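Number of protein chains: 2
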Amino acid sequence: MSRLLTPDALEAAIRQVGAERYHDKHPFHRLLHGGKLDRGQVQAWALNRYCYQAGVPRKDAALISRVDDRALRRAWVHRILDHDGALEGKTGGEDGGIERWLVLTDALGLDRDYVITMQGALPATRFAVEAYVAFVRERTLVEAVASSLTELFAPSIHRERIAGMLESYDFIGERAMQYFRRRLDQANRDADFALAFVKRHATTPEAQAAAVDAVRFKCNVLWAQLDALHHAYVAPGLVPPGAFRPEGT
Amino acid sequence: MSRLLTPDALEAAIRQVGAERYHDKHPFHRLLHGGKLDRGQVQAWALNRYCYQAGVPRKDAALISRVDDRALRRAWVHRILDHDGALEGKTGGEDGGIERWLVLTDALGLDRDYVITMQGALPATRFAVEAYVAFVRERTLVEAVASSLTELFAPSIHRERIAGMLESYDFIGERAMQYFRRRLDQANRDADFALAFVKRHATTPEAQAAAVDAVRFKCNVLWAQLDALHHAYVAPGLVPPGAFRPEGT
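So the protein sequences, as listed, match chains A and B.
Under our numbering, think of the first position of the first sequence as 358, with each following residue one higher.
Under our numbering, think of the first position of the second sequence as 358, with each following residue one higher.
Hint data in this document are derived by calculation from the structure and do not stem from the laboratory.
On a predicted model such as this, the values are computed, not experimentally measured, just so you know.
Quick reminder that beta carbons are idealized off the backbone N, C-alpha and C, glycines included.
Treat the hints with care, since some could be wrong.
[Stated by the list, open to error] Incomplete in silico selection of chain B near chain A, CB under 8 Å:
no., residue
1, A419
2, R427
3, R431
4, L444
5, A488
6, A491
7, R494
[Stated by the list, open to error] Here are the computed distance ranges between Cβ atoms for each label pair:
no., chain 1, residue 1, chain 2, residue 2, range
8, B, D452, A, E456, 28 to 34 Å
9, A, A520, B, R538, 51 to 57 Å
10, B, P480, A, L595, 52 to 58 Å
11, A, G594, B, D452, 52 to 58 Å
12, A, E524, B, R469, 54 to 60 Å
13, A, P597, B, P480, 48 to 54 Å
14, A, E495, B, H558, 24 to 30 Å
Based on the provided sequences and hints, a complete structural model is requested.
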């Protein structure tokens with residue numbers, strides 16, 4: 358990319374990355390949303406995805422830790438609260454997204470301590486999550502913000518997931534889906550803010566290319582997690598040593 | 358330190374560091390609180406200290422970015438809000454400590470943009486602040502938490518400062534002191550939490566020694582800032598190139 362794009366053309370380039378590489382296109386998600394997985398496979402997905410949920414507030418804190426602009430820090434800190442929840446008295450004591458994720462893993466019959474310690478997670482899941490935290494800590498601020506922009510593509514996958522999983526799995530109820538219902542609003546608001554930031558601050562061809570690459574990187578972070586799940590729990594079904602094994606396998 | 362200390366002996370060792378090295382013993386603070394500085398020197402102090410205030414939420418975010426324990430993250434995130442303030446609607450839109458610090462620099466007649474850009478700050482101030490952020494990002498979690506423990510010693514210096522500055526300087530009023538009044542409560546609460554954490558988690562002689570060293574390090578961060586101020590604005594009064602020069606000097 359050698360010419361400076363207009364902000365709208367930059368947005369289009371970012372959205373094109375999603376159209377090509379967002380993990381809604383991964384075969385594992387097709388299976389998950391289409392009701393093609395058994396309970397053990399859905400458990401494996403939920404406990405691995407917990408690692409990602411738990412990494413997100415650390416990623417957002419890493420971003421804040423490098424921002425000199427107080428207005429940006431103030432606009433970003435609610436993401437930490439959205440995921441971690443807030444203690445009683447400060448913001449009303451909301452539970453947060455991680456707690457809502459644990460409601461899902463509870464509903465799937467997973468032991469909460471086992472989930473939280475991440476002992477059964479696939480190493481590849483954890484490597485992908487840590488790569489994301491490191492990226493946000495080390496790259497330019499525009500890249501760090503841009504890497505959040507997969508949220509632009511999230512609401513449609515969440516809607517598809519809620520409908521598909523509720524319809525397909527008798528072991529999934531409305532309560533277990535509350536994480537995704539809540540993210541429908543949060544992700545829209547957050548993505549709008551981050552997209553405006555990137556469009557305003559990526560003001561050279563190099564910065565714009567890096568911002569698009571950051572979205573590509575983040576798609577890879579998400580995709581790699583599903584590849585690892587697919588390999589371990591679908592085909593060929595080769596669970597690495599120490600990782601979660603569904604009952605009866 | 359080769360034997361394991363009891364938690365109370367560890368606390369005593371940490372408090373001993375404060376008794377020996379906290380910056381309330383620095384000659385610059387004696388001058389500041391005793392009414393011995395002129396307005397230009399107080400301006401220099403306030404605009405340099407702004408760098409430290411602005412670094413603190415980044416330091417706290419750096420800490421959160423490495424914490425896997427959600428309960429600890431939830432207990433720490435209010436520090437970011439305390440300093441940065443919170444946007445309207447999420448926690449009532451409080452201004453935060455940095456805004457209160459800017460009320461002080463306003464009252465001293467400093468231009469707000471000049472303060473926020475930190476252009477006039479001493480390089481040594483900024484180096485000390487960045488060393489603090491890096492320490493919290495890179496050392497063990499116990500050391501990172503322990504480095505906050507100078508807050509144990511802060512309330513007495515704040516009380517001394519409020520009384521001394523209000524009495525001594527006709528250019529300082531009650532409103533300019535609101536930062537310190539507010540910190541009286543916040544620092545107590547935060548220090549109690551951090552001290553309990555360090556006493557509980559520093560469970561080897563090496564970890565205990567490192568925790569005490571972290572408090573020493575932090576005292577050095579504070580002390581070095583006053584050394585630089587003293588050298589530039591008191592004796593010998595050698596202002597480095599590009600740094601703030603009080604009017605008429």
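Q. Going through the earlier hints one by one, which of them does the structure break, listed in rising order?
A. Hints 5 and 6 not satisfied by this model.
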